[in-house]
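S.K.: These are the residues of each chain, in order.
2 protein chains.
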Amino acid sequence: VASQVSASWYSCSIKGLPLVRNLTNAPQSNYGRGGLSHLTIAGAVSHGMKEVEVWIQTMAPGSGTPIHRHSCEEVFVVLKGSGTLLLSTTSMKTRHPDEPHNFPISMNTTFTIPPDEPHQILNSDEHDDLQLLVVISQPPIKVFIYDDWSMPHTAARLKYPYYWDEECFQYNAKDEL
Amino acid sequence: VASQVSASWYSCSIKGLPLVRNLTNAPQSNYGRGGLSHLTIAGAVSHGMKEVEVWIQTMAPGSGTPIHRHSCEEVFVVLKGSGTLLLSTTSMKTRHPDEPHNFPISMNTTFTIPPDEPHQILNSDEHDDLQLLVVISQPPIKVFIYDDWSMPHTAARLKYPYYWDEECFQYNAKDEL
Ligand SMILES: [Zn+2]
Ligand SMILES: [Zn+2]
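Chains as they are written, first to last, in the working numbering: chain A, 567 to 743; chain B, 567 to 743.
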């Protein structure tokens, strides 16, 4: 619990943060998602960013993101490990996502997700963590989650605020009591 | 010249680029700026990005950015090395920038430049390169350059398109002949 509190303070509180911050020992959290370790480097809810947001995420072997879409731009740089990008490229022109294409991703590769294309990132490696640097526009992110690739676009559920933003909203609400 | 051509192709041509690209051997260029090595990972002129742009920049010892300002948001992550961030924090409220504050930056630190604050990043180390991951909003970037910290804000020169975007504009213009 103590590390959870300090993770919230570190990642949710604008006040008193130094301009230059060290990421080495920055507390990360899984925000209730198994195998995930997330850190918001610069965020809307957390640091008052208005146009861009930057994360570092580490995914344990076998874990990954949900199948999801969003209308913002998203850029990935793979910092460590390897995995798979699944991407359906029909956008919203069909009733539900197409069978996704599989793209291998590995350390020092980069890729951009086109707006509104359903996608998923998996650490498909058996041994090593997959670490990603993620950049999004239009923060805070509004994510639509699919249960599977055959779910109609209209049935995908909006998750807003998203996991880490939700915790910051709650933390800052508590802070104001 | 050959490597310059292939750098332009790699960083300026949208057509035929694979979705997942390897950065390891991606050609970088100094775009006429001594000590700089720049790579646009995802850019407006180069890859059709509309809201965010991501760069990797390597600065040799003693080199750095000009003193400059821009109205977009900018986030840095120091990937390697160390250096100095100089930042004047009065924005445009005075006639010229204030004497800048000096912040040491080093591997695994992050910082965000407030919009319109004049700033400069220097590799103040004598031996090692400084490598930065840079994220900006509102691409392509519109930069106002100062000769020194006592230059009035109104005298700062707009450099647009910026160095790497200029090369891509020229490359793509040639491509259309
Ligand atoms: Zn996404
Ligand atoms: Zn700048």
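Simulated from the structure, these hints should not be mistaken for laboratory data. Please note that a few of the clues may not be correct.
Because identical chains cannot be distinguished in the list, a pair is counted as satisfied if it fits within a single copy or across any two copies.
[What the hints assert, rightly or not] Taking lysine to aspartate or glutamate and the EDC-like style, the derived pairs with C-alpha atoms no more than 16 Å apart in a straight line are:
1) Lys616 x Glu639
2) Lys616 x Asp682
3) Lys725 x Glu617
4) Lys708 x Glu683
5) Lys646 x Glu732
6) Lys708 x Asp694
S.K.: Would you pick out the hints that fail for this structure and give their numbers low to high?
M.R.: Of the numbered hints given earlier, those the structure breaks are 3, 5 and 6, listed in rising order.
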